[in-house]
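> So the chains spell out like this:
Protein chains: 2
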Amino acid sequence: MSSHTLGPPRAASSPLALREIDEWHDEADVIVVGYGGAGACAAIEAARTGVDTLVLERASGGGGTTAMAAGHIYLGGGTRVQKACGYEDSAENLLRYLEASADDPDPEKFRLYAEGSVAHFEWLESLDIPFNDSIHEARTNMQQTDECLLWSGNEKAWPFCEKATPAPRGHKVAREGEAGPHLFAKLDEAARAAGARIQSDTRVLTLVIADGGQVVGLVARQDREVRAFRARRGVILCAGGYAMDEKMFTRHIPRLAGRVQAIGNPYDDGAGLRMGLAARGAGIHLDDYHITLPFYPPSSLTYGILVNAQGQRFVAEDAYHGRIGEIASRQPQGTVYLIVDEPSYGRPELDGFELAATEESIADLERSLELPDHALQHTVDYYNEGARQGRDPLLHKQPNWLRPIVDGPFAAVECSLGKAPYMAFSLGGLWTKASGEVLTEDGQAVEGLYAAGRNSCGIARSAEGYASGTCIGDATFFGRLAGGSAAARAAAG
Amino acid sequence: MSSHTLGPPRAASSPLALREIDEWHDEADVIVVGYGGAGACAAIEAARTGVDTLVLERASGGGGTTAMAAGHIYLGGGTRVQKACGYEDSAENLLRYLEASADDPDPEKFRLYAEGSVAHFEWLESLDIPFNDSIHEARTNMQQTDECLLWSGNEKAWPFCEKATPAPRGHKVAREGEAGPHLFAKLDEAARAAGARIQSDTRVLTLVIADGGQVVGLVARQDREVRAFRARRGVILCAGGYAMDEKMFTRHIPRLAGRVQAIGNPYDDGAGLRMGLAARGAGIHLDDYHITLPFYPPSSLTYGILVNAQGQRFVAEDAYHGRIGEIASRQPQGTVYLIVDEPSYGRPELDGFELAATEESIADLERSLELPDHALQHTVDYYNEGARQGRDPLLHKQPNWLRPIVDGPFAAVECSLGKAPYMAFSLGGLWTKASGEVLTEDGQAVEGLYAAGRNSCGIARSAEGYASGTCIGDATFFGRLAGGSAAARAAAG
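So the sequence lines, in the order shown, correspond to chains A and B.
In this text, residue positions in the first sequence follow our numbering: the first is 1, and each later residue adds one.
In this text, residue positions in the second sequence follow our numbering: the first is 1, and each later residue adds one.
Treat the hints as calculated values from the structure; they're not laboratory data.
Check each hint, because a few of them may be wrong.
As the list claims (entries may be wrong) - Pulled a few chain B residues facing chain A out of the computed Cβ check, cut under 7 angstroms: (1) S13; (2) A17; (3) Q310; (4) Q389; (5) P393.
Quick reminder that beta carbons are idealized off the backbone N, C-alpha and C, glycines included.
Turn these sequences into a full structure, and let the hints guide you.
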């Protein structure tokens with residue numbers, strides 16, 4: 001079929017009917033849309049079963065957002081690295097933690113992830129992805145070293161520390177600096193070794209759907225032509241979130257639109273998600289996102305306190321920056337300041353943060369910030385009184401981060417939504433089974449359609465509970481399951 | 001066509017293809033699904049253009065959630081009643097208020113609603129729907145009298161009072177008690193007078209879709225048969241929200257599932273919404289809801305203060321109970337108490353609320369509630385100091401509701417999520433133009449498909465900004481537009 005017969009390219013939300021396809025340009029058992037962490041793992045597992053697996057990637061090379069990341073994978077339950085570093089963890093403990101992190105912990109996905117976490121770590125190692133038996137203990141967003149473990153979530157912070165025994169679970173691939181590229185290079189190697197055919201510079205436009213609603217292929221722009229590709233067993237959508245599509249971001253997350261920096265790769269435009277929705281897949285938590293307020297490092301800022309326009313504290317400042325970002329962004333009018341004294345400040349540079357005020361006394365700081373009379377003074381006095389006793393009766397910041405705020409000058413770092421460098425990306429996606437099968441609003445599977453990574457709604461379900469490494473953890477873990485499921489489906493005609 | 005040829009009833013999310021329909025049982029230019037406030041108004045306007053209009057209603061009679069309501073319609077801009085009662089309002093002022101109430105104020109819908117509000121009031125009056133020139137000044141959820149105006153939102157509360165000149169806009173239909181039934185009876189009369197054919201006991205199952213994606217009819221269960229109905233110009237989905245469908249509620253609003261009472265009529269099961277999604281309509285803000293904490297009347301409880309588990313105040317207590325419910329439900333662990341003294345208490349009965357504690361002093365109350373030491377005492381002292389001066393520097397409760405909390409005994413009313421009688425319903429729906437046309441995720445209209453009321457996402461977009469009467473206001477206003485739009489569409493073959 002020439003591109004001519006397909007007419008002008010369709011929007012992602014306008015699928016083609018099978019009967020509109022005169023000729024297939026190519027076909028495969030399984031077609032994977034998008035070649036990031038989820039797509040690569042789906043391709044590896046599909047191809048390893050021996051079925052013909054074709055990956056279509058819009059960019060000139062694979063990697064997606066996975067290859068832009070620091071390279072943390074959230075794993076636990078007692079991995080080799082956890083044990084080597086002296087941390088106890090178990091599948092049950094990991095599950096308790098994950099369940100505490102979400103309002104909506106999909107029972108099957110969360111259980112499988114917790115139970116399969118150690119095996120997933122071993123699988124990654126089997127692909128020659130290296131992890132050192134070491135830990136980076138400092139509180140930071142990302143270690144620049146090749147040390148492995150990082151406390152990359154809220155494990156040690158209240159109330160999580162009461163719900164599951166704290167264990168570090170961010171497993172960074174053993175590379176200095178950003179390890180995402182190396183992680184992806186190894187996944188890519190494995191996919192090719194397994195026999196997956198990878199075609200880049202190929203923009204999938206929309207799905208092809210048979211009369212009964214089954215997904216039987218797709219249409220893509222490749223070599224300047226619009227071409228139809230038949231998928232005998234299934235199409236797996238792994239094309240990433242929608243953070244970079246301004247329209248979708250504004251439509252689904254209006255509260256944050258224009259007030260945060262969207263992060264992701266340029267092709268995180270939601271096209272895969274829109275295709276899935278148009279094939280009758282249900283979208284769940286499309287309004288959900290991860291947001292972060294990366295106010296540390298330096299970790300000494302954790303000795304400070306975060307206050308709102310009422311001069312009240314509202315979150316334990318030793319929580320993960322994602323949880324803090326979410327709760328901070330919901331304070332009245334989004335107004336938030338980080339209050340620190342001289343010994344804790346020591347910020348070499350502000351990284352996009354501005355000083356709202358610096359004063360010699362808390363009373364003066366309160367006036368400069370136009371906070372209600374005495375409100376900040378009371379908050380600081382109350383905090384200091386507890387800190388001297390090693391307690392935070394209000395919000396349970398852990399004792400190691402408690403230090404009275406007494407030595408001026410005092411600084412207020414601007415952390416208000418719209419003024420501080422908040423960053424966000426989308427977490428909502430297609431409603432899928434753990435197998436990757438896409439479900440309709442009535443809970444029926446859309447035959448022939450699978451999704452993983454941020455085209456699905458995975459184990460990362462809220463900024464309040466987010467931990468670094470859950471998106472890549474989820475994408476690689478459930479990408480594998482989707483690849484296996486699609487490959488195992490009976491081939492059409 | 002007999003019901004036999006259609007096979008077993010499809011789920012709402014499984015549309016039928018036109019080619020699967022052998023014979024139409026009936027046809028009309030416009031078919032309205034659901035006969036509540038939105039459906040009735042759509043039917044009136046469609047039928048009045050002279051086109052054949054058929055309404056299919058699942059229950060044995062019309063009314064939907066509109067007929068269960070108190071009968072407030074949120075209107076402003078200078079209605080006859082507003083003027084008679086001495087309140088100034090304008091379309092611009094109403095628009096400013098509405099825009100302040102939503103994160104995502106759809107520009108076209110909000111503008112049209114504000115500009116057309118007076119005319120909509122007059123249209124309702126032209127249907128013999130009565131409104132008295134009177135106001136019920138007391139702070140309450142619903143006046144039992146036939147007085148018209150009620151302050152049914154956050155107009156007088158901060159920060160809304162600074163964004164738009166306060167005006168009362170809840171217009172109650174002139175009936176004592178619940179006026180929803182009378183409102184609907186008049187809409188029903190008008191629809192029948194206009195020539196709309198109303199068929200009840202008819203459960204619409206799913207839509208019928210032509211090859212190009214156009215909606216051309218639907219399939220319904222009627223008289224124990226599954227019957228196909230052709231819509232020459234359009235189908236208008238007006239079948240209500242999904243609050244009563246436990247699965248959808250749990251899937252989309254997990255944070256509240258099992259912790260609030262869902263409100264609506266038993267058929268608010270989201271079937272209309274699911275049909276629209278399956279026809280490639282985009283769902284927007286499906287996770288959004290209205291929640292309320294109806295802690296007043298008696299209005300004297302407004303003299304109290306709401307505090308969280310940190311003993312902090314967090315919202316102006318003179319805000320609308322919806323705004324209070326939303327912000328309260330998001331406090332840490334959902335823990336909230338209403339603190340009142342003896343003169344303000346006077347609650348004849350608790351209406352589902354329980355007393356968490358009563359004590360002779362605030363210090364004792366603090367201990368009973370296990371709040372952090374001195375936290376509540378400080379909050380009350382600080383509040384009292386301001387109240388004596390007629391100010392609330394923290395949260396700007398208006399001076400008329402400020403009175404020091406000094407005369408014991410003191411009570412703490414349990415307002416925690418999961419323990420207090422919170423109520424909620426869904427606000428998310430299909431993404432529609434003001435005309436009612438349903439849009440895909442790519443912003444293209446789904447030909448032949450319209451939606452209004454809670455099958456669409458309307459002007460009520462968040463609990464924080466909700467005002468009573470916006471749902472019926474929106475349903476009737478945009479129901480009319482959808483009826484007119486569908487009737488004006490060129491008839492298919």
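> All hints, please: hold or fail.
How the hints compare with the structure:
1. S13: Constraint on S13/B satisfied, holds at 4 angstroms.
2. A17: Hint holds; A17/B Cβ to chain A Cβ min 6 angstroms, cut 7 angstroms.
3. Q310: holds (5 angstroms)
4. Q389: Violated, about 11 angstroms.
5. P393: Holds, about 4 angstroms.
Going through the hint list in order, the structure does not satisfy hint 4, though it satisfies all others.
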